[in-house]
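Read off the chains here:
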Amino acid sequence: MSHSTITKSPPEIGPSKAWTSTGRRKVTSTDALRVVILVTSALLALIPIVWLVLGSFKTPAELSKRPPTLLPESWGLSNYTEAMTRFNFPSYLTNSVIVTLAATLLTLAINSMAAYALAKYNFRGKNGLFLLTLATIMIPLQVILLPVYQVVASLGMVNTLWGLIIPAAATPTGVFILRQYMLSIPDELIEAARVDGAGEFRIFFRIVLPMCRPALAVVAILSIMWRWNDFLWPLVVAQSEAVYTLPVALARFTAEETVPFNLIIAMSVVTVLPVIILFLFFQRQIVTGIANTGIK
Amino acid sequence: MAAVQAASRLRQPKAPLKMRLVPYLFLLPNMAIFGLFTVWPAINGFNISMYSSSNGRTFRWEGAGNYQRILTDEDFWGIVRNTVVYALSFVLLSVVLGVMLAVLVDQQRRGRTFFRSVFFVPVLISPVVAGLVWNWMLERQNGLINTFLGSFGIPEVPWLVDNALAMVVVIGVGTWMQVGFYMLILLAGLQSIDPSVYEAAKIDGASRWRQFISLTFPLLQPSILVVVVLATIHGFQAFDFIYTLTGGGPVGATTLIVQYIYENGFVSPIRYGVASAGSVLLFCAIFALTIVNWMIGRKREAA
Numbered sequence: 001m002s003h004s005t006i007t008k009s010p011p012e013i014g015p016s017k018a019w020t021s022t023g024r025r026k027v028t029s030t031d032a033l034r035v036v037i038l039v040t041s042a043l044l045a046l047i048p049i050v051w052l053v054l055g056s057f058k059t060p061a062e063l064s065k066r067p068p069t070l071l072p073e074s075w076g077l078s079n080y081t082e083a084m085t086r087f088n089f090p091s092y093l094t095n096s097v098i099v100t101l102a103a104t105l106l107t108l109a110i111n112s113m114a115a116y117a118l119a120k121y122n123f124r125g126k127n128g129l130f131l132l133t134l135a136t137i138m139i140p141l142q143v144i145l146l147p148v149y150q151v152v153a154s155l156g157m158v159n160t161l162w163g164l165i166i167p168a169a170a171t172p173t174g175v176f177i178l179r180q181y182m183l184s185i186p187d188e189l190i191e192a193a194r195v196d197g198a199g200e201f202r203i204f205f206r207i208v209l210p211m212c213r214p215a216l217a218v219v220a221i222l223s224i225m226w227r228w229n230d231f232l233w234p235l236v237v238a239q240s241e242a243v244y245t246l247p248v249a250l251a252r253f254t255a256e257e258t259v260p261f262n263l264i265i266a267m268s269v270v271t272v273l274p275v276i277i278l279f280l281f282f283q284r285q286i287v288t289g290i291a292n293t294g295i296k
Numbered sequence: 001m002a003a004v005q006a007a008s009r010l011r012q013p014k015a016p017l018k019m020r021l022v023p024y025l026f027l028l029p030n031m032a033i034f035g036l037f038t039v040w041p042a043i044n045g046f047n048i049s050m051y052s053s054s055n056g057r058t059f060r061w062e063g064a065g066n067y068q069r070i071l072t073d074e075d076f077w078g079i080v081r082n083t084v085v086y087a088l089s090f091v092l093l094s095v096v097l098g099v100m101l102a103v104l105v106d107q108q109r110r111g112r113t114f115f116r117s118v119f120f121v122p123v124l125i126s127p128v129v130a131g132l133v134w135n136w137m138l139e140r141q142n143g144l145i146n147t148f149l150g151s152f153g154i155p156e157v158p159w160l161v162d163n164a165l166a167m168v169v170v171i172g173v174g175t176w177m178q179v180g181f182y183m184l185i186l187l188a189g190l191q192s193i194d195p196s197v198y199e200a201a202k203i204d205g206a207s208r209w210r211q212f213i214s215l216t217f218p219l220l221q222p223s224i225l226v227v228v229v230l231a232t233i234h235g236f237q238a239f240d241f242i243y244t245l246t247g248g249g250p251v252g253a254t255t256l257i258v259q260y261i262y263e264n265g266f267v268s269p270i271r272y273g274v275a276s277a278g279s280v281l282l283f284c285a286i287f288a289l290t291i292v293n294w295m296i297g298r299k300r301e302a303a
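Going line by line, the protein sequences match chains F and U.
Taking our numbering, the leading residue of the first sequence gets 1, the next gets one more, and so forth.
Taking our numbering, the leading residue of the second sequence gets 1, the next gets one more, and so forth.
None of these hints come from the bench; they were simulated from the model.
Check the hints yourself; a few may be wrong.
[Unchecked claim] Here are the simulated SDA-like pairs of lysine to any residue, each with C-alpha atoms no more than 20 Å apart in a straight line:
{"no.": "1", "chain 1": "F", "residue 1": "120", "chain 2": "U", "residue 2": "20"}
{"no.": "2", "chain 1": "F", "residue 1": "120", "chain 2": "U", "residue 2": "28"}
{"no.": "3", "chain 1": "F", "residue 1": "120", "chain 2": "F", "residue 2": "200"}
{"no.": "4", "chain 1": "F", "residue 1": "65", "chain 2": "U", "residue 2": "144"}
{"no.": "5", "chain 1": "U", "residue 1": "18", "chain 2": "U", "residue 2": "29"}
{"no.": "6", "chain 1": "U", "residue 1": "18", "chain 2": "F", "residue 2": "197"}
{"no.": "7", "chain 1": "U", "residue 1": "18", "chain 2": "F", "residue 2": "78"}
{"no.": "8", "chain 1": "F", "residue 1": "65", "chain 2": "F", "residue 2": "78"}
{"no.": "9", "chain 1": "F", "residue 1": "120", "chain 2": "U", "residue 2": "17"}
{"no.": "10", "chain 1": "U", "residue 1": "299", "chain 2": "U", "residue 2": "287"}
{"no.": "11", "chain 1": "U", "residue 1": "299", "chain 2": "U", "residue 2": "216"}
{"no.": "12", "chain 1": "F", "residue 1": "65", "chain 2": "U", "residue 2": "151"}
{"no.": "13", "chain 1": "U", "residue 1": "18", "chain 2": "F", "residue 2": "65"}
{"no.": "14", "chain 1": "F", "residue 1": "65", "chain 2": "U", "residue 2": "149"}
{"no.": "15", "chain 1": "U", "residue 1": "18", "chain 2": "F", "residue 2": "124"}
{"no.": "16", "chain 1": "U", "residue 1": "202", "chain 2": "F", "residue 2": "29"}
{"no.": "17", "chain 1": "U", "residue 1": "18", "chain 2": "F", "residue 2": "201"}
{"no.": "18", "chain 1": "F", "residue 1": "126", "chain 2": "F", "residue 2": "182"}
{"no.": "19", "chain 1": "U", "residue 1": "18", "chain 2": "F", "residue 2": "190"}
{"no.": "20", "chain 1": "U", "residue 1": "18", "chain 2": "F", "residue 2": "203"}
{"no.": "21", "chain 1": "F", "residue 1": "120", "chain 2": "F", "residue 2": "188"}
{"no.": "22", "chain 1": "F", "residue 1": "126", "chain 2": "F", "residue 2": "201"}
Quantities reported herein were computed from a predicted structural model and do not represent experimental measurements.
Input sequences plus hints: build the corresponding full structure.
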């Protein structure tokens, strides 16, 4: 209900205004049903996460209670501190952060340069390269897992962070989003800078890139979300414990049942929270980025 | 003399060599990584599916042998069946629930952004954690869900123990994780519909259900098509949350094609040839289905 309702329209008198958008609407049974469905769905969406966070404060004894208790007896952080000290948890966390940040920076750098060439230059093979880039959106990593692994193995990048960072950095979707955005930058601007004697790379870094901030933000956020949660590729490349990322460590420890469950829960919360916080801050960019491109 | 003139005439309109190189220099880093880690492997994938290996280092030529082996393997057909059951149910559920949620959120005035964000939260969560939490909540003896159902007198449900129920759970959790993403695409589609098309229907006294069937649904079709295409691709790729939810069990009842490829390729006993033949078949399936989806979509638009 907008502000205008409060300031302009008098209290409801008759049903005549019921269908207009500015009038005070009667609460019908359809409205009530809608709210009930929405609230139920919202609970279904959130309960697993709430349950996880609550569980992260429970002691092993509490976790094995029958029936399970809803709220923890105390809100102590012992699961978190224990996970931090008893396992190589800080190392998995660091690996995840390094891989996510380095991969995102690399993606931004190489995608934006490629997008600029495809948007603002005419050269032989331009359309062919652009189509090739688009076509590979159809080829997910799952399908080329083994041949990519062979390349990475022959370069000696198995069990290195580089092996996690580099292979998927040249995202076709990033090139696509940035190219579309750069098409809207007027050519005259670039021409004027050329006339003033600015070099091609200087124009790119000083004029084009700063103008692309909104598109760069979308690509960066999507890249961070994807890299942080990525699992199959790290599972394949990070075979030794020293290069585990958080999801790989969690999956391996859960499967092997070597780590107490209360610590697994604490690690899970640490894995989940950064992305949710990022989303709360950059909601608008994420929502418009996905709505416009259909890409996650 | 004439040749020199012709040559200089040809060269004249072109920019200096240095300028002509610039776009290629901009493209170089991206295309080098892209070529080495995407394009080349995509081509090489067909090649290595003709070889077999049990260690990933020494290879033996097999020709079509891997395909012969995989197509006559009963396990493989079980996995194909699981994957098809999962993907079909996932696409159907995602579209139906996605449209439903999008329409409800769109009509909701108070708290629209709130609901939109809440439905998106599961999309953000690490799939590994999602599988782990649901596994925990669905525990047979002391899980949250069975405890809740038990308070209504419902006996313990063997969610992750029964083959068919485990598949239902995997489909449900897969949809739970993704539906908020599809809802967002559909919501953008709904909001691009011109509100004036509803005015006439309202004046004619058309019911909300009638408006949905004859106005909203047809106008939303382009967005629905996008969701169907994406959900099909996602459905055939499902792996990460299943790894921690059921691990593919009980006895392979929820093992899908990507897990089959991963296990044959990287978990001993390694059957490299079978894994790469499976990858090629998965690629063909995704490719064919995407084309079919687009063709159906275009036919509908034309009609």
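Consistency of the hints with the structure:
1. F:120 with U:20: 13 Å, holds
2. F:120 with U:28: 16 Å, holds
3. F:120 with F:200: 11 Å, holds
4. F:65 with U:144: At roughly 11 Å apart (the allowed maximum being 20 Å), residue 144 of chain U and residue 65 of chain F satisfy the hint.
5. U:18 with U:29: 18 Å, holds
6. U:18 with F:197: Satisfied, since the Cα-Cα distance of roughly 15 Å is no more than 20 Å.
7. U:18 with F:78: 62 Å, violated
8. F:65 with F:78: 18 Å, holds
9. F:120 with U:17: 17 Å, holds
10. U:299 with U:287: 19 Å, holds
11. U:299 with U:216: 19 Å, holds
12. F:65 with U:151: The hint holds at about 16 Å.
13. U:18 with F:65: 73 Å, violated
14. F:65 with U:149: 17 Å, holds
15. U:18 with F:124: 15 Å, holds
16. U:202 with F:29: With a Cα-Cα distance of about 18 Å, the restraint between residue 202 of chain U and residue 29 of chain F holds, given a limit of 20 Å.
17. U:18 with F:201: Given that 20 Å is the threshold and the Cα spacing comes to 12 Å, the pair holds.
18. F:126 with F:182: 15 Å, holds
19. U:18 with F:190: 17 Å, holds
20. U:18 with F:203: Holds, at about 16 Å.
21. F:120 with F:188: 11 Å, holds
22. F:126 with F:201: At roughly 19 Å apart (the allowed maximum being 20 Å), residue 201 of chain F and residue 126 of chain F satisfy the hint.
Against the hints set out earlier in the document, violations occur for numbers 7 and 13.
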